[in-house]
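Generate coordinates for the entire structure from the input sequences, incorporating the hints supplied.
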Amino acid sequence: MGYALTQEDYEQLSEDLEDFISQSEARTVLLCDRGGNVIASNGDSVMDNIDMVSALVAGAFAATKQLALVLGENEFSAVFHQGSKISIFISGVDEEVLFLALFSDETNAGLVKMYAMKTCRKFGGLFKEIMSREQIKIEDPTQSFKLAKGPIFGP
Amino acid sequence: MSVVNYAKKEIQFKIVYYGCGLCGKTTNLQKVHECAPAKAKGNLTSLATSQDRTLFFDFLPLQTMSIEGFVTKFQMYTVPGQVKYNSTRKLVLRNCDGIVFCVDSQVTKTQENIESWQNLLENVKEQKMDIAELPHVLQYNKRDLPNVAPKQYLDYVLNNGAKRIPTFMASAYTGEGVIETLNAIAKLVLQDFIEKH
Ligand SMILES: Nc1nc2c(ncn2[C@@H]2O[C@H](COP(=O)(O)OP(=O)(O)OP(=O)(O)O)[C@@H](O)[C@H]2O)c(=O)[nH]1
Ligand SMILES: [Mg+2]
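Protein chains in written order, with my numbering: chain A, 2 to 156; chain B, 773 to 969.
Don't take every hint at face value.
Think about it this way: if two alpha-carbon atoms lie no more than 25 Å apart in a straight line, the pair counts; the simulated DSS-like pairs of lysine-lysine are [stated by the list, open to error]: (1) A:Lys129 x A:Lys114; (2) B:Lys900 x A:Lys129; (3) B:Lys862 x B:Lys897; (4) A:Lys114 x A:Lys86; (5) B:Lys845 x B:Lys862; (6) B:Lys900 x A:Lys66; (7) A:Lys147 x B:Lys781; (8) A:Lys129 x B:Lys781.
Please keep in mind that the hints were generated in silico from the structure rather than gathered at the bench.
What follows is the structure, encoded as structure tokens:
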């Protein structure tokens with residue numbers, strides 16, 4: 002169970018997120034999985050509470066999905082939340098990954114959406130590969146995961 | 773479902789506190805939040821009703837260096853225990869790496885504990901996970917109260933399988949046993965991860 006991002010994956014993702022920010026003029030972008038784990042992010046206001054934001058985004062999107070199912074729709078593939086100063090756009094990349102863009106009221110929402118869709122399509126293929134890798138390979142074979150000594154959270 | 777990021781040297785795990793309504797899941801996370809060293813913890817977020825019952829989840833990010841060379845993040849969640857929130861419990865359970873099943877030790881709660889445990893097994897199965905493969909511990913909570921069932925009795929009703937589940941006596945209210953439970957589940961999750969990699 003689980004998945005791993007290699008140095009290469011991460012660089013690719015980071016580059017694409019940076020392109021997205023510069024093209025769409027969004028302020029921040031975040032990729033997380035539907036379980037609430039952070040995958041990658043970019044932008045000026047990279048949130049201090051990024052773990053919490055991921056947990057809430059995954060929760061909000063999951064709740065909206067349930068709502069869609071109840072109303073006879075498979076999933077609302079994208080969700081907008083409009084605020085007075087900032088707005089967010091959340092979209093599903095695939096079965097496992099979510100995309101969040103945060104943008105200010107000076108930015109064109111249509112532009113954000115268009116580039117978001119484009120970026121999500123691109124990520125679809127990449128994550129399909131990441132998620133289907135057989136075994137997580139440790140790049141340096143002499144290195145393996147080792148437990149540090151002592152109690153994990155103190156006595 | 774663990775996430776390893778080799779570029780950032782970071783590993784994330786998700787741990788979920790499960791159990792019947794009012795058994796003390798939220799109180800556990802509050803105590804952990806209170807006791808954890810400042811640099812190891814983020815903010816505690818609670819999506820709750822006006823009566824402090826969990827509506828969606830509580831969330832607390834924790835960070836340690838328990839795997840050499842990697843920042844190890846534990847994303848801690850609680851589910852809402854009230855029977856009517858089952859679809860929410862399923863959502864919170866998604867991709868989890870370990871479970872603390874919190875038991876309300878009061879004699880009068882026996883049936884509710886059993887039903888919640890059955891509910892957990894059903895939900896785990898529905899998500900194509902196998903409880904035998906999923907690290908989990910039992911916490912017999914509220915030991916500070918007078919009307920609690922003896923440990924042997926709780927073992928008899930909840931821990932009667934061939935493979936005994938690690939159990940911890942606790943009072944989330946006083947904080948007793950809370951960190952022990954956390955250390956135990958974190959350790960199981962880490963061992964499981966290392967075994968599988
Ligand atoms: N005496 C005593 N009271 C406890 C203990 N743990 C929790 N409580 C109390 O039990 C009540 C419910 O605790 P919560 O932590 O909110 O329970 P919960 O499991 O999160 O409940 P839901 O969110 O509805 O699922 C609160 O009043 C707590 O103070 C304990 O160890 N001893
Ligand atoms: Mg609660």
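- Item | Hints that the structure is at odds with (numbers, increasing) | The structure conflicts with no hint, since it agrees with every one listed earlier.
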